[in-house]
Amino acid sequence: MEPKNKVVETDRSAEIEQLKAQIVTLEQLLEVYEQETSSKSTKLEQALAQLQEHTQQLSHAETTLKALRSMLDSIGDPVVVTDQHGQFVFLNPAAETILGIRASSSLTNWARTWRDTQGLFLPDQTTPYPIEEFPLMQALRGESVDATEVFARTAEPLVENWLSVTARSLPDETGKIQGGVAVFHNVTSLKQTEVALRRSEAHSREQAQQLHHALQDLQKAQTQLIQTEKMSGIGQLVAGVAHEINNPISFVYGNITPANEYFQSLLRLLRLYQKHYPNPDLEIQAEIDEIGLDFLEEDLQKLLKSIRSGAERVRQIVLALRNFSRLDETGMKPVDLHQGLDNTLLILHNRLQSKKGLPAIQVFHQYGELPLVNCDASQLNQVFINILSNAIDAIETRLQVSTTFVPTITITTKQQGGAIVIYIQDNGVGMMPEVMQRLFEPFFTTKPVGQGTGLGLSVSYQIIEKHGGTIRVTSELGQGSQFAIILPLKEPSDSQKHNLAIRSEN
1 MEPKNKVVET
11 DRSAEIEQLK
21 AQIVTLEQLL
31 EVYEQETSSK
41 STKLEQALAQ
51 LQEHTQQLSH
61 AETTLKALRS
71 MLDSIGDPVV
81 VTDQHGQFVF
91 LNPAAETILG
101 IRASSSLTNW
111 ARTWRDTQGL
121 FLPDQTTPYP
131 IEEFPLMQAL
141 RGESVDATEV
151 FARTAEPLVE
161 NWLSVTARSL
171 PDETGKIQGG
181 VAVFHNVTSL
191 KQTEVALRRS
201 EAHSREQAQQ
211 LHHALQDLQK
221 AQTQLIQTEK
231 MSGIGQLVAG
241 VAHEINNPIS
251 FVYGNITPAN
261 EYFQSLLRLL
271 RLYQKHYPNP
281 DLEIQAEIDE
291 IGLDFLEEDL
301 QKLLKSIRSG
311 AERVRQIVLA
321 LRNFSRLDET
331 GMKPVDLHQG
341 LDNTLLILHN
351 RLQSKKGLPA
361 IQVFHQYGEL
371 PLVNCDASQL
381 NQVFINILSN
391 AIDAIETRLQ
401 VSTTFVPTIT
411 ITTKQQGGAI
421 VIYIQDNGVG
431 MMPEVMQRLF
441 EPFFTTKPVG
451 QGTGLGLSVS
461 YQIIEKHGGT
471 IRVTSELGQG
481 SQFAIILPLK
491 EPSDSQKHNL
501 AIRSEN
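The opening residue of the sequence shown carries number 1 in the UniProt record's numbering; numbering runs sequentially from there.
Hints may be right or wrong, so weigh each one.
As the list claims (entries may be wrong) - Below, simulated EDC-like cross-link-like pairs (lysine to aspartate or glutamate); rule was C-alpha separation at most 20 Å, straight line:
1) LYS275 to ASP289
2) LYS490 to GLU465
3) LYS490 to ASP336
4) LYS275 to GLU298
5) LYS355 to ASP393
6) LYS414 to ASP336
7) LYS43 to GLU31
8) LYS356 to GLU396
9) LYS191 to GLU160
10) LYS191 to GLU149
11) LYS305 to GLU261
12) LYS414 to ASP342
13) LYS275 to GLU287
14) LYS43 to GLU53
15) LYS414 to GLU369
16) LYS191 to ASP124
17) LYS176 to GLU143
18) LYS275 to GLU297
19) LYS66 to GLU96
20) LYS275 to ASP294
21) LYS20 to GLU31
22) LYS302 to GLU312
23) LYS490 to GLU369
24) LYS191 to GLU201
25) LYS176 to ASP83
26) LYS333 to GLU465
27) LYS355 to GLU396
Unchecked claim - Quick list of the computed label-pair ranges, beta carbon to beta carbon:
28) ARG313 to GLN366: 22 to 30 Å
29) ARG153 to THR97: 13 to 21 Å
30) ASP77 to LEU197: 18 to 26 Å
31) ASP77 to GLN52: 34 to 42 Å
32) ALA208 to ASP77: 33 to 41 Å
33) HIS203 to ARG141: 43 to 51 Å
34) PRO171 to THR55: 22 to 30 Å
35) GLY292 to GLU261: 18 to 26 Å
36) THR403 to LEU300: 39 to 47 Å
37) GLY417 to GLU298: 52 to 60 Å
38) LYS333 to SER250: 21 to 29 Å
39) ASP77 to ARG153: 15 to 23 Å
40) THR412 to GLN274: 53 to 61 Å
It should be emphasised that the hints constitute simulated quantities derived from the structure, not laboratory data.
Please read these numbers as outputs of a predicted model, since none were measured by experiment.
Virtual Cβ for every residue (Gly too), placed ideally from N, Cα, C.
All chains should be modelled from the sequences, with the hints used to inform the complete structure.
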């Protein structure tokens, strides 16, 4: 019986070992299960935490969205959002009220309807706004639009509004456009203010221009008044001097012929005495020798000729002075311009002579065939003396630096078409371009203080302008200047005559 028991024990031992092995395997499986369970539990906890965080984010986003929607709903400017197909996904109340948008409509249909019913135009207020160029359309194409102005007009009732539109695309995280947003700002009040401001600025500029013109007119009137009073005083003085000189010189000139006749009579009588009494007594012969009778006879005739020549010269000067002043001939009359030029040169004769070691200024005349010109002679004489005096000044200035040139003034006159042109050219110091630009401005002068008022050329230009003409100047520094006085043969206009009449009265 003993072997049988051993077999049984052996089988039990094997079973025990097998059970132990199974227990170890179970323990290992249990350990793996516990690890997997722990990992899944951790992941589950993490997922739960993420879910809670996402829920919180959604809640916060919903709160923010509600706040944003509430804010957008409260603002007065329309705000619209569309998807990538142009379907409206968000509209604030202002968009529905002002723009007339409905959530069920699309951007294209609304824009076309709004353009046709509202009258949607480009900023020129006449060109219909192209649908494809509408700001939100551009945003859906990925373009950014900043403050584009749109003009809207309704016919009944007539309402005009200016809208400033800003639009942006709405891309997702990959950059793909998912929609667009646009904000419309009513800038009608601003535009009206701008228009009013522009009108005010234009009005202010117009007033400033009027004031500027008025100031220029006052300056011209002032210069004319000053120069007119000055020339009037000079004219009266010249006329008075001419009158005072004319009386005695007329007496002298008128008695030269009788004096010469008396002298000739006495001379004939003397010769008769010499013929009949060839041998005078000693006292008479001594007196003849003392006075140099033969020389006295010859020289006295020369003296009478000199007196006649001098008196004639004085008479010419007096006549020139009277013609220059022309106090009795103001107003428009046919005038010989050559006579006016010659009279002016006679007045300036002393300034043309050599002095202080400087050579005399030579004057060349190149007079053409001119008809009488209808003008105010006294005023033209004023122009001639102003321009010729400046020519003399320019030559004297150059002579202070160099005397190697022959100082000359050339006066040329000619008829060109329907105008008379008087050229007065000098070879004086000349002018720089910046001086020429201001040459006819009132009170502008390059002369030292006390040697010029700056009125002569300004008044001269105004006189010629009122005669319907003009003055042109060419000059080269160091070479001289040329003044071209252009006078029309036709009479000045009524307004020019009126201005001339006023000046003559003054």
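Quick rundown of the hints versus the structure:
A threshold of 20 Å between alpha carbons decides the hint, and for LYS275 with ASP289 the separation of about 18 Å falls inside it, so the pair holds. Distance check on the hinted pair: LYS490 and GLU465 sit about 14 Å apart at the alpha-carbon level, within 20 Å; holds. Between the alpha carbons of LYS490 and ASP336 the distance comes to roughly 15 Å, so the proposed pair stays at or under 20 Å and holds. Distance hint between LYS275 and GLU298 is fulfilled; the C-alpha atoms sit about 18 Å from each other, no more than 20 Å.
At roughly 14 Å between alpha-carbon atoms, LYS355 and ASP393 fall within 20 Å of each other, so this suggested pair holds. Restraint check for LYS414 and ASP336: satisfied, since their Cα atoms lie roughly 13 Å apart, inside the 20 Å limit. Of the pairs offered as hints, the one joining LYS43 and GLU31 holds, with about 18 Å between alpha carbons and a cut-off of 20 Å not exceeded. Between LYS356 and GLU396, the direct Cα distance comes to roughly 11 Å. Compliance with the 20 Å bound is thereby established for this hinted pair.
This hinted pair checks out: LYS191 and GLU160 have alpha carbons roughly 11 Å apart, not beyond 20 Å. Taking the CA atoms of LYS191 and GLU149, the gap is about 10 Å. The hint holds against a cut of 20 Å. At roughly 12 Å between alpha-carbon atoms, LYS305 and GLU261 fall within 20 Å of each other, so this suggested pair holds. Pair hint LYS414 plus ASP342 holds up; C-alpha atoms about 16 Å apart against a cutoff of 20 Å.
Distance hint between LYS275 and GLU287 is fulfilled; the C-alpha atoms sit about 18 Å from each other, no more than 20 Å. With a C-alpha separation of about 15 Å, the suggested pairing of LYS43 with GLU53 holds against the 20 Å cut-off. Proposed proximity of LYS414 and GLU369 is supported: the alpha carbons are some 7 Å apart, at most 20 Å. For the proposed pair LYS191 and ASP124, the alpha carbon gap of about 13 Å is at most 20 Å, so the pair holds.
Proximity of LYS176 to GLU143 is assessed by CA-CA distance (about 13 Å); at most 20 Å being required, the pair is judged to hold. At roughly 16 Å between alpha-carbon atoms, LYS275 and GLU297 fall within 20 Å of each other, so this suggested pair holds. Between the alpha carbons of LYS66 and GLU96 the distance comes to roughly 19 Å, so the proposed pair stays at or under 20 Å and holds. The hinted pair formed by LYS275 and ASP294 meets the criterion: a straight-line CA distance of about 15 Å does not exceed 20 Å.
Taking the CA atoms of LYS20 and GLU31, the gap is near 16 Å; set against the 20 Å cutoff, the hint holds. For the given pair, LYS302 sits about 15 Å from GLU312 by alpha-carbon distance, which is consistent with the 20 Å threshold. Restraint check: the Cα-Cα separation between LYS490 and GLU369 comes to about 17 Å, which is no more than 20 Å; the hinted pair holds. For the proposed pair LYS191 and GLU201, the alpha carbon gap of about 15 Å is at most 20 Å, so the pair holds.
In summary, the hint linking LYS176 to ASP83 is supported, as the alpha carbons are separated by about 12 Å, within the 20 Å threshold. Proposed proximity of LYS333 and GLU465 is supported: the alpha carbons are some 17 Å apart, at most 20 Å. With a C-alpha separation of about 10 Å, the suggested pair LYS355 and GLU396 falls inside the 20 Å cut-off, and the hint holds. As the Cβ distance of ARG313 to GLN366 is approximately 25 Å, the hint placing it in 22 to 30 Å holds.
Distance hint check: the CB atoms of ARG153 and THR97 are about 18 Å apart, consistent with the given range 13 to 21 Å. For ASP77 and LEU197, the hinted distance range of 18 to 26 Å is satisfied, since their beta carbons lie about 23 Å from each other. The hinted window of 34 to 42 Å between ASP77 and GLN52 holds, with their beta carbons roughly 39 Å apart. Range check, ALA208 to ASP77: Cβ separation about 39 Å, and the 33 to 41 Å hint holds.
Separated by about 44 Å at the C-beta atoms, HIS203 and ARG141 satisfy the suggested range of 43 to 51 Å. Range check, PRO171 to THR55: Cβ separation about 27 Å, and the 22 to 30 Å hint holds. Distance hint check for GLY292 and GLU261: the Cβ-Cβ separation is about 23 Å, which falls inside the suggested range of 18 to 26 Å. Evaluation of the 39 to 47 Å hint for THR403 and LEU300 yields a pass: the beta carbon distance comes to about 42 Å.
Between GLY417 and GLU298 the CB atoms are about 58 Å apart, so this pair conforms to the stated range of 52 to 60 Å. For LYS333 paired with SER250, a C-beta distance near 26 Å keeps the hint of 21 to 29 Å intact. The hint said 15 to 23 Å for the Cβ distance between ASP77 and ARG153, and at roughly 20 Å that hint holds. Look at THR412 against GLN274: about 59 Å separates their beta carbons, and that is inside 53 to 61 Å.
Checked against the numbered hints above, the structure violates none of them.
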